[in-house]
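Colleague: Sequence:
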Amino acid sequence: MSVKPEAFAEVDREYQASNDEMERLNQSLESLGKERRRVEGELSDQQELLKKYQGQLMQVKNQQQYAAAWKEIDAARKHVKELEESALKTMTEIDGVQSQLDERKSQFDDLKERHDTAHGEWQSSLGDLRSEATALRKKSDELEAALPEPARREFLRTFRQRGGIAVSKVVSDSCTSCRTRIRPALAQRLRRGEMVICEGCHRILYLEKTT
Numbered sequence: 153m154s155v156k157p158e159a160f161a162e163v164d165r166e167y168q169a170s171n172d173e174m175e176r177l178n179q180s181l182e183s184l185g186k187e188r189r190r191v192e193g194e195l196s197d198q199q200e201l202l203k204k205y206q207g208q209l210m211q212v213k214n215q216q217q218y219a220a221a222w223k224e225i226d227a228a229r230k231h232v233k234e235l236e237e238s239a240l241k242t243m244t245e246i247d248g249v250q251s252q253l254d255e256r257k258s259q260f261d262d263l264k265e266r267h268d269t270a271h272g273e274w275q276s277s278l279g280d281l282r283s284e285a286t287a288l289r290k291k292s293d294e295l296e297a298a299l300p301e302p303a304r305r306e307f308l309r310t311f312r313q314r315g316g317i318a319v320s321k322v323v324s325d326s327c328t329s330c331r332t333r334i335r336p337a338l339a340q341r342l343r344r345g346e347m348v349i350c351e352g353c354h355r356i357l358y359l360e361k362t363t
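Residue numbers (this note's numbering): 153 to 363.
Treat each hint with caution, since some may be false.
Said to hold, decoys possible - Taking CB as the label site, the calculated pair distances span:
| id | residue 1 | residue 2 | range |
| --- | --- | --- | --- |
| 1 | 282 | 159 | 37 to 43 Å |
| 2 | 164 | 283 | 23 to 29 Å |
| 3 | 294 | 340 | 28 to 34 Å |
| 4 | 153 | 196 | 24 to 30 Å |
| 5 | 175 | 361 | 54 to 60 Å |
| 6 | 158 | 304 | 37 to 43 Å |
| 7 | 284 | 347 | 28 to 34 Å |
| 8 | 178 | 294 | 50 to 56 Å |
| 9 | 324 | 166 | 47 to 53 Å |
| 10 | 233 | 208 | 36 to 42 Å |
| 11 | 246 | 161 | 21 to 27 Å |
| 12 | 294 | 175 | 46 to 52 Å |
| 13 | 275 | 351 | 26 to 32 Å |
| 14 | 250 | 283 | 32 to 38 Å |
Worth flagging that the hints you see were computed from the coordinates, not collected in a lab. These figures come from a predicted structure and were not determined experimentally. C-beta: ideal position from N, C-alpha, C; glycine also.
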């Protein structure tokens, strides 16, 4: 019941891929938004600094101070220009990512509808299997309750240790799980209805009743 039919699995893969891509784009937008705010904050600080330097230029008293002030102004202008270019680049990247995200979103509603329809059809098809599984679980519980306690404990221990397969059928005096040959003495005990453990795989052996 947990195995997806190919008809649903195909649209589910497409649906998950689209979800993952939109998540990636959203994360990219968030990262770019943080970078944009950082650059704009730094740009604002540099513009204020540039105004400060320009104001100080009017207060210089000699050529040396004048040259130093212009040096500070020139450096600030270059930094402002770099930040403006960085801000423009980030905005362009944001527009590109947003465009991709909008395109994904425009197709997502149709994809989700196809996904939900295919999932509903799969779940609907499981009705008979669920009924069968419920009946098998009930029968399993009844069989387990009827077991003598030592046999029940041995079965559950073997079930846990042997990968969920506790019993193995004997055919032509061999265990069908590991192909170990059953010794005659053990075969006799098995025919008498006694519990016999395979010497190869350590599962509980059984003989199929013949009519």
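Colleague: Next step is simple, just say for each hint if it's right about the structure.
Modeller: Each hint tested on the structure:
no.	hint	verdict
1	282 / 159: 37 to 43 Å	violated (19 Å)
2	164 / 283: 23 to 29 Å	holds (25 Å)
3	294 / 340: 28 to 34 Å	holds (30 Å)
4	153 / 196: 24 to 30 Å	violated (60 Å)
5	175 / 361: 54 to 60 Å	holds (57 Å)
6	158 / 304: 37 to 43 Å	holds (40 Å)
7	284 / 347: 28 to 34 Å	holds (29 Å)
8	178 / 294: 50 to 56 Å	holds (53 Å)
9	324 / 166: 47 to 53 Å	holds (50 Å)
10	233 / 208: 36 to 42 Å	violated (20 Å)
11	246 / 161: 21 to 27 Å	violated (35 Å)
12	294 / 175: 46 to 52 Å	holds (48 Å)
13	275 / 351: 26 to 32 Å	violated (46 Å)
14	250 / 283: 32 to 38 Å	violated (50 Å)
Comparing the model with each numbered hint stated earlier shows that hints 1, 4, 10, 11, 13, 14 do not hold.
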